[in-house]
Structures are given as C-alpha cells and as structure tokens.
Amino acid sequence: MTRHDDALGLARIRIRAAWMFLAPTLIVLAAVAGWPLLRTIWFSFTDAELGNLSGYRFIGFANYLERYEGEWLGLLADPAWWGAVRRTIWFALVSVSLEAVLGMIVALALNARFPLRGLVRAAILIPWAIPTIVSARMWAWMLNDQFGVINHALLALGLIDAPVAWLADPDLALWAVVIVDVWKTTPFVALLILAALQMLPGDCYEAARVDGIHPVRVFFRVTLPLIRPALVVALIFRALDALRVFDLVYVLTSGSAGTMSMSVYARQQLVDFQDVGYGSAASTLLFLVIALLTLSVVVLGRLRLDGEAGR
Amino acid sequence: MAGVSLRRVRKSFDGQTVIRDIDLDIADGEFCVFVGPSGCGKSTLLRLVAGLETVSGGAVLIGGEDVTAAPPRARGIAMVFQSYALYPHMTVRENIAFGLETRRARKAEIAARVEAVAKRLELEGLLERLPKQLSGGQRQRVAIGRAIVREPRVFLFDEPLSNLDASLRVQMRIEIARLHQSLRTTMIYVTHDQVEAMTLADKIVVLNAGRVEQAGAPTELYRHPRNLFVAGFIGSRRMNFLPVRAEGMRDGAVEVLLPGGGRLAVPVAGEGARAGEALTLGIRPEHLRLAGGAPDLAGPVEVVEELGDEQLAYLRLPDGGLVTARLESGTAPREGETGALELPPAECHLFRADGSAFGRP
Chain W
1 MTRHDDALGL
11 ARIRIRAAWM
21 FLAPTLIVLA
31 AVAGWPLLRT
41 IWFSFTDAEL
51 GNLSGYRFIG
61 FANYLERYEG
71 EWLGLLADPA
81 WWGAVRRTIW
91 FALVSVSLEA
101 VLGMIVALAL
111 NARFPLRGLV
121 RAAILIPWAI
131 PTIVSARMWA
141 WMLNDQFGVI
151 NHALLALGLI
161 DAPVAWLADP
171 DLALWAVVIV
181 DVWKTTPFVA
191 LLILAALQML
201 PGDCYEAARV
211 DGIHPVRVFF
221 RVTLPLIRPA
231 LVVALIFRAL
241 DALRVFDLVY
251 VLTSGSAGTM
261 SMSVYARQQL
271 VDFQDVGYGS
281 AASTLLFLVI
291 ALLTLSVVVL
301 GRLRLDGEAG
311 R
Chain U
1 MAGVSLRRVR
11 KSFDGQTVIR
21 DIDLDIADGE
31 FCVFVGPSGC
41 GKSTLLRLVA
51 GLETVSGGAV
61 LIGGEDVTAA
71 PPRARGIAMV
81 FQSYALYPHM
91 TVRENIAFGL
101 ETRRARKAEI
111 AARVEAVAKR
121 LELEGLLERL
131 PKQLSGGQRQ
141 RVAIGRAIVR
151 EPRVFLFDEP
161 LSNLDASLRV
171 QMRIEIARLH
181 QSLRTTMIYV
191 THDQVEAMTL
201 ADKIVVLNAG
211 RVEQAGAPTE
221 LYRHPRNLFV
231 AGFIGSRRMN
241 FLPVRAEGMR
251 DGAVEVLLPG
261 GGRLAVPVAG
271 EGARAGEALT
281 LGIRPEHLRL
291 AGGAPDLAGP
301 VEVVEELGDE
311 QLAYLRLPDG
321 GLVTARLESG
331 TAPREGETGA
341 LELPPAECHL
351 FRADGSAFGR
361 P
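Keeping their order, the protein sequence lines are chains W and U.
Quick note: the first sequence, position 187, residue 187 per the numbering used here, numbers continuous.
Quick note: the second sequence, position 305, residue 305 per the numbering used here, numbers continuous.
By construction, these hints were calculated from the structure, which means they are not laboratory data.
Treat the numbers as computed from the prediction; the structure is a model and nothing was measured.
Fair warning: there could be bad hints in the mix.
[To be verified] A short, non-exhaustive set of chain U residues, derived as facing chain W with CB atoms under 8 Å:
id: 1; residue: G64
id: 2; residue: T68
id: 3; residue: A70
id: 4; residue: P72
id: 5; residue: R73
id: 6; residue: M79
id: 7; residue: Y87
id: 8; residue: R150
Even for Gly, the Cβ is constructed at its ideal location relative to N, Cα and C.
Whenever a hint applies, use it, and build me the whole structure from the sequences.
Have a look at this one:
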C-alpha cells in the first residue's frame with residue numbers, strides 16, 4: 001500500500017469513527033423527535049380517534065380543509081383555530097417585547113457595581129429556576145379572585161373597590177398570562193444580556209466619558225449595537241417558547257376566557273374531543289407556523305448583519 | 001490651549017495611598033512625560049488630570065481654572081488610550097466624528113473636520129473601514145485622530161505605543177513629536193519606557209511609589225539626577241553604581257577610595273561629606289574609557305556583548321560587583337582577559353547613603 005492509500009484509509013477510519021459517535025444521538029433524536037413528528041403529520045391526514053388508534057383511514061386534506069354540503073369545513077376554516085393563532089402571536093409579541101425591555105433594564109442594573117451584587121444576581125434567577133407548573137400554580141393562587149393575595153393587597157391599598165377576576169375576565173386573563181410569563185422568563189433574558197454586557201470593552205466607555213457623550217446616547221449608539229447578537233439569540237429563544245406556550249395557560253386558565261393558545265387548542269382537539277386526526281392537523285400547522293416565523297427571523301437577522309458587515 | 005497644575009494632589013484606593021501630595025506645573029504648550037516603573041502611579045495621575053478618577057485631596061487646575069470637581073467632558077481634554085478604545089462597530093469616520101456629534105455641530109462642518117484630521121494622519125483611504133480591518137499602527141492613528149478632531153486644550157496619552165512592535169513604536173514616536181510641533185498644544189504622556197520619555201519630552205516627571213522623584217528637562221535629568229532612583233532610571237543603559245568611601249575633601253571635590261584600592265577626586269559640591277563615610281559613585285557605561293595609564297578600575301572581563309557599532313564589556317570588580325562599559329567596536333578586551341578602565345572624574349556622580357546626590361557643577 002502506498003502512503004496515499006494510507007492517508008485515504010485514515011480518513012475513512014476517521015469518518016467511520018465520527019458516525020459512530022454521532023449514531024447514538026441521531027438514533028435518540030429520530031426516536032423522540034423525528035418519529036413523533038412524522039407520526040403526527042401522518043395522523044393529520046387520517047380520521048384517527050384517541051379511543052381507537054388502529055382503526056383509521058386516510059382522508060387526505062379533509063382535516064385541513066374540505067367542502068361539505070356547500071360549506072367550508074376543517075382547521076383552516078375554523079375561526080377558533082385562527083383565534084388561537086392570533087392570540088398566540090399577540091402573546092408572543094407582547095411578552096417577548098416586555099421581557100426584552102425589562103431584561104435589558106435588569107441586566108444594566110446588575111452590571112453596575114454595588115454591594116451584594118453577587119447575591120442579587122443569584123436571587124434574580126429564582127423565577128427562572130422554578131418549574132413552570134409550580135410557578136403557574138403559585139400565581140393562580142395569588143391571582144385567585146376570592147382568596148388571592150393580589151386582590152387582597154390592592155383592596156387594602158384602595159386601588160380597587162371590588163375583587164377582580166384576573167383569570168376569568170376575558171379582557172384580563174391573557175394579560176395575566178403575559179405578566180406571569182414575563183415574571184418567569186425575564187431573568188433568562190437578563191442573564192444572556194448581562195453576559196454580553198460583561199464582554200464589552202470598558203475603555204470605550206471611558207473614551208465616551210472623556211468625549212462628553214451623553215450616557216443615553218452611548219447606550220443607543222455603543223452598547224445596544226454591541227450586544228445585539230446576544231439580544232437576538234435571547235429573543236429567538238424566547239419567541240419560540242412563547243409561540244409554543246402551553247403549561248402556563250393550561251394551569252392558569254385551562255384555555256378558557258380567551259386565552260387559548262395554539263398548543264392548548266391542539267391538546268383540546270386531541271384529548272378532550274378525542275379527535276387525533278384533527279388535533280394532529282393543528283399540531284402540524286403549529287409546527288409550520290413556528291418554523292416559518294423562525295426561518296424568517298433568522299434570514300432577516302442575517303441579512304441585516306451582512307448589510308452591516310459590508311459597509 | 002492651557003497649562004496644567006497639580007496642587008498637593010493625593011489619591012487613595014480603599015485606604016491604600018497611590019499618589020502622595022504631588023505638586024506639579026506643566027506650562028502651556030509643553031510636552032510633559034510621566035515616567036516610572038509599573039505601579040508607580042503614573043497612569044493614576046493621568047486619570048486624575050482627565051477626571052476619570054476623583055482626587056482624594058488637593059486640586060487640579062487646567063488653564064488656571066480649578067477643575068477638581070469637574071467631569072471629564074468639562075475639562076477640555078482629549079485622551080488616547082493604551083488599547084486605543086475604538087468603537088468596534090463604527091467605521092474610522094464614525095469613530096472620529098462620534099465625539100463631535102454631541103455638540104450640535106453642523107453635519108458639513110463635522111465632515112470637513114474629519115476629512116482634515118484624516119488627511120493630517122494619512123487615514124484618508126481608511127475612513128470606511130472598521131477597526132478590526134486596521135493594523136495596530138493605523139488603529140493608534142485613528143485614536144489620535146479622534147483626540148485631535150475635538151481640538152482640546154490638553155492631550156493626554158496613556159502608554160499609547162506599548163501595544164506596538166519596536167519598529168512601529170519608533171515611527172509613531174516621531175509622528176507624535178511632529179504632531180506636537182505643529183499643534184503646540186499641551187500634552188501629557190505616560191510611559192514606562194525611558195527612551196520615549198527622553199526623546200519626546202520637554203519635561204520629564206519621574207515617579208516612584210506615588211511621589212515625584214524629579215521633574216525637569218531630559219538633559220537636566222540625565223546630567224543632574226537628584227538621587228539614585230532617577231540616576232538608575234534615566235539613561236538607555238543603566239548607570240553603574242560602585243560602593244566607595246570618602247577619604248577627604250579638597251576644594252570643590254570629594255576624594256574617594258574605589259573598590260580595588262584606587263583613589264579618585266570627584267568634582268562635586270561636597271559639603272557635609274565626612275571622611276570615612278560610605279558613599280555610592282555613579283558612572284554611566286558610555287562614560288567609561290579603557291585606561292591608558294594606571295587604571296581606576298580593573299578586573300576580569302566576564303562577558304562581551306557585540307552590538308556592531310559598539311561593544312558592552314562586563315567587568316567583575318575585586319569587591320564582587322559588576323560594572324558595564326560601553327566601548328568602541330573592536331577595542332574591548334576578550335572574555336577572560338583583564339580589563340582596565342578609567343573614570344573621567346567630571347562624568348562621575350556621587351550619592352549619599354540616603355540616595356540623595358551631591359551637587360555637580
């Protein structure tokens with residue numbers, strides 16, 4: 001064998017080793033993510049029911065859209081579904097925007113020097129560390145219209161005259177979900193921004209001080225552009241989570257009172273109405289909506305980044 | 001344009017005093033260099049002038065006006081940082097213009113001033129580049145440009161050349177000297193490199209442990225160091241220090257006993273010197289000569305360094321001390337041979353046991 005063949009053999013061995021190391025991950029991913037996804041997509045083209053998962057038949061796109069006796073039926077013609085889509089996107093926009101602003105403020109505060117900073121930094125993480133189910137339950141009690149501590153406090157302060165039904169009032173319930181989500185996930189955003197802030201070059205800020213540039217201007221012209229990559233990553237993560245929101249809504253309101261998100265809608269069809277085919281169609285559309293939004297954010301973000309780098 | 005004065009300036013961090021009662025006057029248009037070993041407080045002193053640190057005591061005056069309590073922006077200064085401190089996401093043009101945009105200056109005027117500065121510093125072709133696309137020397141020029149464009153009363157430089165390689169450092173040193181000649185603005189320059197201090201300064205301030213050891217013109221410090229610290233710090237080759245004993249005073253000179261037994265009359269103002277007192281004699285390597293007749297110092301040559309145009313010979317003296325002599329190329333004895341040196345009395349310095357120097361004519 002020549003040296004050349006040796007080198008080729010070595011490369012082959014390395015590639016084989018790489019596949020061997022990757023194989024367990026790929027198998028697990030295929031089993032826990034790929035298979036359920038494919039099965040869900042398959043079920044969305046059937047009339048399967050939860051009580052009888054073996055006796056179903058293929059019905060094409062009927063779960064999505066079909067014309068029956070002069071009427072449009074199916075998911076795409078269901079106003080409840082489109083309501084859930086609108087509501088979920090509204091929820092994602094509002095909660096992620098609030099988290100970005102509050103996270104930024106918290107991160108800037110934690111980046112300053114003050115006594116017990118380490119302790120405060122650890123304490124701020126507590127909401128993020130609590131399991132969502134637990135914090136949702138906790139907030140459900142706090143927001144309870146009869147026994148909740150929030151109504152009690154507001155009444156005592158004289159800010160409201162009568163107890164407010166935070167989780168039952170259709171005008172308030174979604175806001176309540178937003179507030180709990182913001183409370184829970186602001187620490188995550190703040191921590192990612194804080195990490196970016198600590199990487200910033202300190203002497204640039206001294207140069208700006210010597211040059212007499214107003215701190216607000218320094219924030220918008222220096223700090224914000226420099227931490228934007230970290231901010232975009234944090235917000236993409238948060239937006240994906242918010243679009244899939246389920247546990248918070250399910251525990252707080254069970255999806256009633258105008259808080260039904262796409263995930264809650266899909267669960268309701270699947271479990272409560274036993275309609276696996278229709279629920280799978282909703283899940284598949286949810287998957288497509290999230291995939292499209294993510295893709296567009298990533299593409300738009302990259303285009304802007306490239307535009308800047310090319311200047 | 002303005003001079004800078006420090007009045008009993010003191011600074012401590014967490015109870016640790018790093019600047020001790022410094023009094024200093026820097027004239028309008030002067031190029032003043034703070035020099036000293038690391039940790040001597042030179043950068044802290046510059047930051048006190050800038051207003052990036054607040055004094056613990058004393059006063060800072062710029063142009064006769066007390067700015068002790070004024071923030072950096074109100075002091076009329078511009079600063080060049082060791083790390084350049086350029087905004088990484090802004091182009092060269094934006095970096096230079098950023099400090100101007102706040103003053104409600106008109107766009108056309110800002111653009112004109114940026115162009116003028118870019119031309120002066122030969123940055124014209126680089127205006128649209130980002131800092132990461134520039135070499136170290138170019139970045140330093142942008143940092144200087146950002147300072148110049150603001151037309152400050154005083155320029156502050158904090159070790160601006162220490163991140164550059166040796167040849168670029170010499171080139172930038174010349175550019176900074178030229179800049180001072182044409183601008184005639186007061187400049188304060190911090191460095192640990194005594195060559196930069198000697199070549200650039202009108203006035204050198206030698207700092208050690210938070211105190212001014214000596215302040216004066218470069219030649220003044222070279223010829224008349226006030227104490228052992230300054231004598232050892234200033235000069236491209238470290239001064240030789242020899243332990244000697246005072247033998248007696250003759251008019252205008254102190255006669256000393258050299259290691260190895262030789263005697264030498266050093267022409268210094270020897271008031272207060274007592275016979276038998278232990279003193280230190282200082283002589284720079286470049287002032288030592290090969291002895292023609294009876295040598296003042298003699299000993300085996302341990303090492304000879306060949307530098308092309310000159311040689312450095314290291315002699316071991318009878319008392320165990322090492323002395324360095326700078327000799328003309330090809331004249332030094334070989335390693336292992338005995339070297340014989342002559343001390344020109346007029347080039348000798350004499351220091352008391354507390355380190356202070358006897359006055360030289």
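Consistency of the hints with the structure:
no.	hint	verdict
1	G64	21 Å, violated
2	T68	17 Å, violated
3	A70	11 Å, violated
4	P72	5 Å, holds
5	R73	3 Å, holds
6	M79	5 Å, holds
7	Y87	6 Å, holds
8	R150	7 Å, holds
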